[in-house]
Amino acid sequence: MHARADATDTAPNWPDDIFATLQRFDVRQVPYVPDAGHSKLIERVLGSSTMRGIPLTTEEEGVALLAGAWAGGQRGVLLMQSSGVGNCINMLSLIPILRFPFLTLVTMRGEWGEFNPWQVPMGSTTQGVFELSGVQVLRASSAPEVPAVLEAAASQAYNALTPTAVLLSQRLIGAKVFTK
Amino acid sequence: MSKANLLDRRQVVSTLLANRKDVVAIGGLGASTNDMCAAGDHARNFYLWGGMGGAAMIGLGLALAQPKLPVLVITGDGEMLMGLGSFATIGLQKPANLSIVVLDNEAYGETGGQTSHTSAAADLVGVAKACGIADSRSVTTMAEVEAFARAVHDVSAGPRFVNVKIDNASLERILPTRDGTYIVNRIRGDLGFQPI
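Protein sequences appear in the order of chains G and U.
Going left to right, the first sequence walks through residues 8 to 187 as this note's numbering numbers them.
Going left to right, the second sequence walks through residues 140 to 335 as this note's numbering numbers them.
Calculated directly from the structure, the hints in this document are not laboratory data.
One or more hints might be untrue.
Said to hold, decoys possible - Just a sample of chain G residues kept apart from chain U, beta carbon distances all over 10 Å, derived:
#1 Arg31
#2 Lys47
#3 Ile61
#4 Thr65
#5 Pro124
What the hints assert, rightly or not - Chain G is faced by these chain U residues, among others (derived, beta-carbon under 8 Å):
#6 Leu203
#7 Thr320
#8 Ile335
To be verified - Residues of chain G placed beyond 12 Å of chain U at every Cβ, according to the derived structure:
#9 Ser46
#10 Glu118
#11 Trp119
C-beta atoms are modelled at their ideal positions from N, C-alpha and C, and glycine is treated no differently.
When you get a sec, could you build the whole thing from the sequences and use the hints?
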């Protein structure tokens with residue numbers, strides 16, 4: 008198993024802050040493709056009585072799922088890693104066409120101390136891909152700024168129907184280290 | 140070219156929707172969405188003009204949000220092949236109120252009739268079953284279509300999937316509205332949701 012090196016020995020609290028914000032905004036469907044950086048949040052979601060965690064085979068499924076959820080009256084959020092953003096591109100066209108609230112939380116790879124060169128091309132274009140696709144990008148680079156960034160993102164996504172991606176930077180998550 | 144037991148797509152879809160009651164229906168990109176419109180426009184019709192491969196997942200999101208409502212996805216073989224992984228995602232969630240119909244003409248009808256993978260190799264029923272959608276079957280008669288149309292209303296026994304082999308006749312296009320925001324808000328309104 009590969010572990011991420013955290014800045015501290017204890018588990019980070021920022022995933023709890025994210026969970027609390029999502030709960031407050033009445034988010035009900037949480038489609039995801041797993042990432043180590045999302046593991047604590049995914050655990051919280053799967054243990055929740057109000058949210059449904061929905062594992063996907065590919066990230067674009069989550070975009071379509073959120074459109075259906077909204078037609079049925081529910082809000083959702085898509086959790087993925089930066090490499091999954093490329094898998095979503097055509098499906099992102101549903102967002103302006105159907106005009107449903109879109110919020111995605113993206114754990115970044117391919118930046119800040121990245122070890123694996125294969126992560127760099129998609130990690131470097133993640134923000135550009137979103138912006139070209141009409142999704143506004145906010146970024147959180149340190150744990151203290153997570154609550155305010157999440158609050159702003161959820162607020163503009165759900166209240167103003169502004170498609171929004173929050174990039175959770177590799178600096179926040181901790182660069183992945185490969186242990187022998 | 141003609142094979143036995145190929146059903147007429149318009150007849151299949153109008154039978155599926157004839158006694159629809161509270162069904163929310165999603166039509167996949169291509170002729171399926173037109174077939175749904177040909178059967179009669181309805182406030183609970185979710186017509187897709189894009190997002191190829193997404194019809195079944197839109198159905199899943201709707202089905203999970205509205206577990207007491209029957210949700211019916213009607214799409215084509217090409218559209219389903221592009222979202223094959225959604226069978227696995229649906230097989231895991233097992234929404235009891237979700238039904239999926241593939242109108243399988245073994246071809247990409249909208250782009251010139253090029254043959255699809257189902258013409259020679261891909262078995263969608265086998266895929267669906269192997270992904271955990273136990274009630275998956277191939278349908279060859281209108282009597283079976285009628286039985287499936289009734290089963291759709293049982294929101295406690297899904298998910299279910301049928302593959303219907305249809306003929307590849309080119310039919311008059313009956314085009315639904317292309318305004319996606321209108322389509323979604325009309326469904327939401329009919330379900331009792333207010334605009335934001």
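ask   = For this structure, which hints from the list above don't hold up?
value = Failing hints, ascending: 3, 4.
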